[in-house]
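Okay, here's what each chain looks like letter by letter:
2 protein chains.
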Amino acid sequence: MAQPSSHVTAPLKDELDIVIPTIRNLDFLEQWRPFFQPYHLIIVQDGDPSKNILVPDGFDCELYNRNDVNRVLGPKSSCISFKDSACRCFGFLVSKKKYIFTIDDDCFVGKNPSGKEINALAQHIQNLLTPSTPFFFNTLYDPFREGVDFVRGYPFSLRGGVPTAISHGLWLNIPDYDAPTQLVKPLERNTRYVDAVLTIPKGTLFPMCGMNLAFDRELIGPAMYFGLMGDGQPIGRYDDMWAGWCAKNLTAISCANSHLIDKIEETETHDGIQWQGEQSIREFEEGIQGHILAGRHHPILPICCPSKRCTTLQQCYLELSKLVKEKLSPVDPYFNKLGDAMVTWIEAWDLLNSPAQEAAAPVDGVKKN
Amino acid sequence: MAQPSSHVTAPLKDELDIVIPTIRNLDFLEQWRPFFQPYHLIIVQDGDPSKNILVPDGFDCELYNRNDVNRVLGPKSSCISFKDSACRCFGFLVSKKKYIFTIDDDCFVGKNPSGKEINALAQHIQNLLTPSTPFFFNTLYDPFREGVDFVRGYPFSLRGGVPTAISHGLWLNIPDYDAPTQLVKPLERNTRYVDAVLTIPKGTLFPMCGMNLAFDRELIGPAMYFGLMGDGQPIGRYDDMWAGWCAKNLTAISCANSHLIDKIEETETHDGIQWQGEQSIREFEEGIQGHILAGRHHPILPICCPSKRCTTLQQCYLELSKLVKEKLSPVDPYFNKLGDAMVTWIEAWDLLNSPAQEAAAPVDGVKKN
Numbered sequence: 001m002a003q004p005s006s007h008v009t010a011p012l013k014d015e016l017d018i019v020i021p022t023i024r025n026l027d028f029l030e031q032w033r034p035f036f037q038p039y040h041l042i043i044v045q046d047g048d049p050s051k052n053i054l055v056p057d058g059f060d061c062e063l064y065n066r067n068d069v070n071r072v073l074g075p076k077s078s079c080i081s082f083k084d085s086a087c088r089c090f091g092f093l094v095s096k097k098k099y100i101f102t103i104d105d106d107c108f109v110g111k112n113p114s115g116k117e118i119n120a121l122a123q124h125i126q127n128l129l130t131p132s133t134p135f136f137f138n139t140l141y142d143p144f145r146e147g148v149d150f151v152r153g154y155p156f157s158l159r160g161g162v163p164t165a166i167s168h169g170l171w172l173n174i175p176d177y178d179a180p181t182q183l184v185k186p187l188e189r190n191t192r193y194v195d196a197v198l199t200i201p202k203g204t205l206f207p208m209c210g211m212n213l214a215f216d217r218e219l220i221g222p223a224m225y226f227g228l229m230g231d232g233q234p235i236g237r238y239d240d241m242w243a244g245w246c247a248k249n250l251t252a253i254s255c256a257n258s259h260l261i262d263k264i265e266e267t268e269t270h271d272g273i274q275w276q277g278e279q280s281i282r283e284f285e286e287g288i289q290g291h292i293l294a295g296r297h298h299p300i301l302p303i304c305c306p307s308k309r310c311t312t313l314q315q316c317y318l319e320l321s322k323l324v325k326e327k328l329s330p331v332d333p334y335f336n337k338l339g340d341a342m343v344t345w346i347e348a349w350d351l352l353n354s355p356a357q358e359a360a361a362p363v364d365g366v367k368k369n
Numbered sequence: 001m002a003q004p005s006s007h008v009t010a011p012l013k014d015e016l017d018i019v020i021p022t023i024r025n026l027d028f029l030e031q032w033r034p035f036f037q038p039y040h041l042i043i044v045q046d047g048d049p050s051k052n053i054l055v056p057d058g059f060d061c062e063l064y065n066r067n068d069v070n071r072v073l074g075p076k077s078s079c080i081s082f083k084d085s086a087c088r089c090f091g092f093l094v095s096k097k098k099y100i101f102t103i104d105d106d107c108f109v110g111k112n113p114s115g116k117e118i119n120a121l122a123q124h125i126q127n128l129l130t131p132s133t134p135f136f137f138n139t140l141y142d143p144f145r146e147g148v149d150f151v152r153g154y155p156f157s158l159r160g161g162v163p164t165a166i167s168h169g170l171w172l173n174i175p176d177y178d179a180p181t182q183l184v185k186p187l188e189r190n191t192r193y194v195d196a197v198l199t200i201p202k203g204t205l206f207p208m209c210g211m212n213l214a215f216d217r218e219l220i221g222p223a224m225y226f227g228l229m230g231d232g233q234p235i236g237r238y239d240d241m242w243a244g245w246c247a248k249n250l251t252a253i254s255c256a257n258s259h260l261i262d263k264i265e266e267t268e269t270h271d272g273i274q275w276q277g278e279q280s281i282r283e284f285e286e287g288i289q290g291h292i293l294a295g296r297h298h299p300i301l302p303i304c305c306p307s308k309r310c311t312t313l314q315q316c317y318l319e320l321s322k323l324v325k326e327k328l329s330p331v332d333p334y335f336n337k338l339g340d341a342m343v344t345w346i347e348a349w350d351l352l353n354s355p356a357q358e359a360a361a362p363v364d365g366v367k368k369n
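If you read the sequences in order, they're chains A and B.
So the first sequence is residues 1 to 369, counted in the working numbering.
So the second sequence is residues 1 to 369, counted in the working numbering.
A hint or two may mislead.
Which copy is meant is left open, because identical chains are indistinguishable; a pair holds if it fits in one copy or across any two.
Said to hold, decoys possible - With a straight-line Cα cutoff of 35 Å, these simulated DSBU-like cross-link-like pairs (lysine-lysine) come out: (1) Lys98 <-> Lys111; (2) Lys327 <-> Lys111; (3) Lys13 <-> Lys185.
Bear in mind the hints are in silico, worked out from the structure with no lab data behind them.
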């Protein structure tokens, strides 16, 4: 029997949720309609829960506001940030799908140099379904792209690659600069579309942005915690960075811990969308603070290698949380709070993702549309 | 006083040699004339030394054939391969310049998507004169390109980068596949021009190709030995790979050995030229053999970390030669010969590059034109 056409145009339709954190009406979805409409959307409403968020007609979505977060997680809701896009990771918790795509509500569809609209989600899905090659650099970039292969000298034993855990999208227009760089270069725009997908090698940290990001929730979900940011916290705009460093740090040890080698793997990166966001003064101040802290913990993170007794990603992450408290709290007491929140996050993950929970009724947000 | 125009169109004119290994007349230079003519060329004639190699008029070049190699190096000439493009590294030895650009004689000028001819040499020079960023991945790629910077989350302390040792060029048309892949995909062509320069991170090996390559001879020259290949050797087509793995292996330890941090650094890679070469049956057989050996030594190379008592690149390289003999000769006795040749190479390097030698009359090949 021929496949229904929806399978052709919407791969992984029943295995992927789109998570969107927002404080406003989701008019931006109109532009994405041809690409997103077949998928299920999880909206995480940040800020005032009494505000009504409007979603364009025809999208299949559920919405969680702060009251829902508190209802679902009880005291464990303390690990979910408030007034910061870090709250998006609540959507990762309540999803029951294998894959997540998350996008900010000020992102629009980009075009390639021929003027054709880019289906960023389709590219993410392709990345997640093809292997990464983190152990050796291929000078023609992604060897799994049509018309490309491994070059002479690439070890045959490494050509199978490893499962891709994260697909990190880039974008055109406003570059993702930190606050000081943005102040110094307010008019700089990214107009160069780089038509390449490449693996960030093993052991190399990178600044992961949560604005246009997809991942395999079964492989790396428990490490995709966006930390404590925003309301009541000393830093902001580091939620995605933190998650990226933790996730990459855990993938970096996948060789050493062979029991994890088929569980957590590497990261691919590609171009795709267009960002039109702006930055507030508060974001600027928090960003500066984040940078100062970041400068201190970068040298520490790569040495946080969970021991071989960890047999699940959750156990690795809990071990990482201990190291964060032990090594980073002397830098700033904030890291004590963050380490505790990492533990709470894993408790929340297990609460909502245990086999028993999955057999029970699903967690519900407000069904929209 | 205004700079003469030659400085604008030919940067590093007096500090860079172009090294070309060849067995034929150098008609290919006609196409490169606008870009190469201001520079000095070192031709290394491979194979029959009685054959007369013709160079187009107007190029400033000197030519060395096998008789010249024997005359200049005496018994140490055993380290220079015969009937293999690995002989190009003799040109690196006799050069007195700070920078080397080396190119194969079957490479032609490529065009960017707008149809404009690409000055690959100018791009190499720009790469060599701007820092690399091997310690952290920048998701907008080269942060030193005009209109690009480091993204949010990139540690400020790492934004200075480190000196670039190697600029690794790519090319369009025939991809650099190993022999089996080329047999399986004889018609595959690389038509995608990727407009990006990026640093291959610290600790990541890559397949370095000698066909379109530039490097800082003062920083990394002694490690750019292309090994024993071709006539009388069991393998071929691995000369450039070997040099790349050794060079990258030594750069990978530049952090650990702080005395080398300003001496040997990382690698940049970019697109640029067009290759029209073909592969013979002999190359195929040697390539296969090389691949089998390569598969064995890849896991060993990254652990070859010279100790802190090495204070020069030459000393590091000699220590590497010992490890090659010790760790790799059980894989194949060829590595005993190769380890010895690495020692001879360093002796030859010091012979021709000692301060005393530099004060003496330069080594001469046959002056052409």
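Which hints, by number, does the structure contradict?
2
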